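Participant: The listed protein sequences correspond, in order, to chains A and B. For this note's numbering, add 864 to where a residue sits in the first sequence, where the first one is 1. For this note's numbering, add 233 to where a residue sits in the second sequence, where the first one is 1.
Calculated directly from the structure, the hints in this document are not laboratory data. These numbers come from a predicted model, not from an experiment. One should not assume that every hint holds.
To be verified - Just a few of them, taken from the derived set where beta-carbon distance is under 7 Å, the chain A residues facing chain B:
id: 1; residue: Gly907
id: 2; residue: Leu908
id: 3; residue: Leu913
id: 4; residue: Tyr940
id: 5; residue: Lys969
Note that CB positions come from ideal geometry on N, CA and C, so glycine has one too.
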Amino acid sequence: KQEVTQIPAALSVPEGENLVLNCSFTDSAIYNLQWFRQDPGKGLTSLLLIQSSQREQTSGRLNASLDKSSGRSTLYIAASQPGDSATYLCAVSFPYGNNRLAFGKGNQVVVIP
Amino acid sequence: DGGITQSPKYLFRKEGQNVTLSCEQNLNHDAMYWYRQDPGQGLRLIYYSQIVNDFQKGDIAEGYSVSREKKESFPLTVTSAQKNPTAFYLCASSPHSTGGLGANVLTFGAGSRLTVL
Numbered sequence: 865k866q867e868v869t870q871i872p873a874a875l876s877v878p879e880g881e882n883l884v885l886n887c888s889f890t891d892s893a894i895y896n897l898q899w900f901r902q903d904p905g906k907g908l909t910s911l912l913l914i915q916s917s918q919r920e921q922t923s924g925r926l927n928a929s930l931d932k933s934s935g936r937s938t939l940y941i942a943a944s945q946p947g948d949s950a951t952y953l954c955a956v957s958f959p960y961g962n963n964r965l966a967f968g969k970g971n972q973v974v975v976i977p
Numbered sequence: 234d235g236g237i238t239q240s241p242k243y244l245f246r247k248e249g250q251n252v253t254l255s256c257e258q259n260l261n262h263d264a265m266y267w268y269r270q271d272p273g274q275g276l277r278l279i280y281y282s283q284i285v286n287d288f289q290k291g292d293i294a295e296g297y298s299v300s301r302e303k304k305e306s307f308p309l310t311v312t313s314a315q316k317n318p319t320a321f322y323l324c325a326s327s328p329h330s331t332g333g334l335g336a337n338v339l340t341f342g343a344g345s346r347l348t349v350l
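This is chain B alone, in the form it adopts within the complex (with noise of 0.2 Å):
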C-alpha cells in the first residue's frame, strides 16, 4: 500500500539534544512538507520541498533543519536551538505543489509526537 510512514511515534528529548524525526513515502511524489500541530493553533509550516536537493523554509523554520536527499524522504531534525519543542509533528506529501490540479493535495503520516523532559 503506498503512504507515508513517520517514525518514531513518541519521542523524548532532553533539553540540549538535537532529534531526527524521519519521514518516507513511497507515492512517488514530488513534493513533501512538514508541519507542527499545537493545540488551538492549528498547523503551521515548518519546511517544505518541492524537488530532490531543495528546501525552503516555512514561517516557522527556526530551530529546525531538513535535508532532501532522495525524493522517497525528508527527514526534520529538531535542533536545541528550538526553544519549545514539546509538539505533534506531520509530514504530508504531494504530487506537485507549483499548481494545476494535483496542486498542494496533501496525503499525511500518521505523526510524531515529542516531548521534551
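Okay, chain A solo, but in the shape it has when bound (with noise of 0.2 Å):
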C-alpha cells in the first residue's frame, strides 16, 4: 500500500529564510507526484507536477525534485516571503488498486516577517 509521509508537520521561519519541505513515499511505481499549497479555508492549488521520468520542475521561486528510487520529494521555496505561508501537500499517483492517488499530511508553514 502506498504511503506518503510529510515531515515536518509545521514549521516557521523568518522571511527571506529558504523553505525546504519533504515528502516521502514508499512504493516507487509512481506515475507522477504533485505539490499543493492550500490556504486556510480553500481549495487546493497545483503547484508543481513531476512525471516519474523527470528529476525535478521549476516555476518561479519553487523548485521540486523527485528521487523515485529513494521515494523522496523536495519543494524548495526560495526567499521566503509571508504571502506563502500555507500549508503545502505532495500527492502521488501509482499504476494499481482503486485509489490510484495518495496525499501526505501537509507541511503547515508560516512565514514571520
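With the hints as a guide, bring both chains together as one complex.
Facilitator: This is the structure:
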C-alpha cells in the first residue's frame, strides 16, 4: 500500500530564508507527484507536477525534485515571503489498486515578517 | 476560464437531514473525485468516478452517495447515516485516472464546509 509522509508537520521561518519541505513515499512505482498549496478554508492549488521520468520541475521561486528510487521529493521555496504562509501537500499517483492517488497530511508553513 | 465550481461554500445541516453538495467542471475531464478533509487527518477519498454512469467507493464511502449522470457534474449527498459529517469537502477532477502522463493530475474546487447543528 502506498503511503505518503510529510515531515515536519509544521514549521516557522523568518522572511527571506529558504524553505525546504520533504515528502516521502513507500512505493517507487509512481506515475507522477504533485505539490499543492492550501490556504486556510480554501481548496488546493497545484504548484508543480513531476512526472516519474523527470528529476525536477521549477516555477519561479519554487523548485521540486524527485528521487523515485529513494521515494523522496523535496519542495524548495527560495527567499520566503509572508505570502508563502500556507499548508503544502504532496500527492503521488500510482498504477495499482482502486484508489490510485495518495496524499500526505501536509507541511503547515508560517513565514514570520 | 476552465475550472471546478463547488456550491454551496457553507452549508448547515440539522441532524437527520440529507444534504447535497454540488460539483461542476468545465475542463472536459473524465475523472472526478470527492475528498473529505478533517484537521490533522489529511484528505480522505469518499467516492470517485472515471466515466459517466460509473463510480467507485473510496476509503470512507459509508453514509455518502454520488451520481454521475453527466460528464460535467458529480454531486455528493451526505445522508443521515453519516454520523460525523461536519468537515470540509473537496471536489477534484483529472483528465483520466487509468494511467499515463495525465493519470490523476488533479484540479480542485474551492471546497464546501458542512456543519451539523
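Participant: Give a verdict on every hint.
Facilitator: Cross-check of the supplied hints:
1. Gly907: holds, 4 Å
2. Leu908: holds, 4 Å
3. Leu913: holds, 6 Å
4. Tyr940: violated, 21 Å
5. Lys969: holds, 4 Å
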